[in-house]
Amino acid sequence: QKEVEQDPGPLSVPEGAIVSLNCTYSNSAFQYFMWYRQYSRKGPELLMYTYSSGNKEDGRFTAQVDKSSKYISLFIRDSQPSDSATYLCAMKENYGQNFVFGPGTRLSVLP
Amino acid sequence: GAVVSQHPSRVICKSGTSVKIECRSLDFQATTMFWYRQFPKQSLMLMATSNEGSKATYEQGVEKDKFLINHASLTLSTLTVTSAHPEDSSFYICSARDFMTGHNTDTQYFGPGTRLTVL
Numbered sequence: 001q002k003e004v005e006q007d008p009g010p011l012s013v014p015e016g017a018i019v020s021l022n023c024t025y026s027n028s029a030f031q032y033f034m035w036y037r038q039y040s041r042k043g044p045e046l047l048m049y050t051y052s053s054g055n056k057e058d059g060r061f062t063a064q065v066d067k068s069s070k071y072i073s074l075f076i077r078d079s080q081p082s083d084s085a086t087y088l089c090a091m092k093e094n095y096g097q098n099f100v101f102g103p104g105t106r107l108s109v110l111p
Numbered sequence: 112g113a114v115v116s117q118h119p120s121r122v123i124c125k126s127g128t129s130v131k132i133e134c135r136s137l138d139f140q141a142t143t144m145f146w147y148r149q150f151p152k153q154s155l156m157l158m159a160t161s162n163e164g165s166k167a168t169y170e171q172g173v174e175k176d177k178f179l180i181n182h183a184s185l186t187l188s189t190l191t192v193t194s195a196h197p198e199d200s201s202f203y204i205c206s207a208r209d210f211m212t213g214h215n216t217d218t219q220y221f222g223p224g225t226r227l228t229v230l
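Chains G and E, in that order, are what the protein sequence lines are.
Under the numbering used here, the residues of the first sequence are numbered 1 to 111, in order.
Under the numbering used here, the residues of the second sequence are numbered 112 to 230, in order.
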């Protein structure tokens with residue numbers, strides 16, 4: 001079992017849809033949780049960052065962390081064609097320098 | 112968010128030459144920087160972790176004599192691909208760790224990447 005799992009997609013949705021992207025993990029020591037967006041031929045861009053459990057909202061994006069289920073989600077409301085990208089989740093324990101990335105989910109938002 | 116720059120964005124070189132890629136954190140100090148490699152439609156592959164003032168830690172299978180990493184200051188790390196060959200052609204991405212003790216902040220900011228083509 002991989003340390004972080006993520007549905008690779010591709011996921012195609014119509015413009016305006018609510019998108020749910022998810023990651024599951026096995027390491028209960030993870031405390032820092034991140035979501036990145038990567039456009040083709042670009043470096044990943046940090047979208048959302050959460051420490052420990054809970055929800056965080058920023059504009060059309062909401063990040064949720066459920067540590068009891070070892071499950072994190074990124075919701076995108078009113079999705080736009082410009083949201084078409086690969087979304088990566090990442091996690092880290094409290095100590096050390098080891099960040100663990102999911103393989104990424106490719107999202108296409110169709111106009 | 113914090114900004115990380117990377118130069119050059121694209122480089123084409125002949126086989127056997129060396130190429131240097133610079134990674135700078137522009138608005139924060141990064142004691143730790145990471146270097147990744149990414150092939151088309153594949154995920155990030157961590158190559159090495161670089162800490163300011165000390166030797167880099169390379170991942171298994173990454174040749175440290177081929178991929179020289181220097182992290183001489185809190186805002187600059189460089190990756191030198193020595194004696195480059197066509198199989199080294201790839202997308203190289205750096206990131207800088209933003210870590211503040213006691214502030215529950217520990218994340219990475221990525222540079223825009225460097226596309227290396229070795230002829």
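Hints were generated in silico from the structure; no laboratory data involved.
Check before you lean on any hint, since a few could be wrong.
[As the list claims (entries may be wrong)] Distance condition first, Cα-Cα at most 20 Å in a straight line; then the derived EDC-like pairs of lysine to aspartate or glutamate:
hint	chain 1	residue 1	chain 2	residue 2
1	E	Lys-152	G	Asp-83
2	G	Lys-67	G	Asp-83
3	G	Lys-42	E	Glu-163
4	E	Lys-152	G	Glu-45
5	G	Lys-2	E	Glu-170
Here is what the structure says about each hint:
no. : hint                 : result
1   : E:Lys-152 x G:Asp-83 : holds (17 Å)
2   : G:Lys-67 x G:Asp-83  : violated (27 Å)
3   : G:Lys-42 x E:Glu-163 : violated (25 Å)
4   : E:Lys-152 x G:Glu-45 : holds (17 Å)
5   : G:Lys-2 x E:Glu-170  : holds (17 Å)
The structure fails to meet hints 2 and 3 from the earlier list, while all remaining hints are met.
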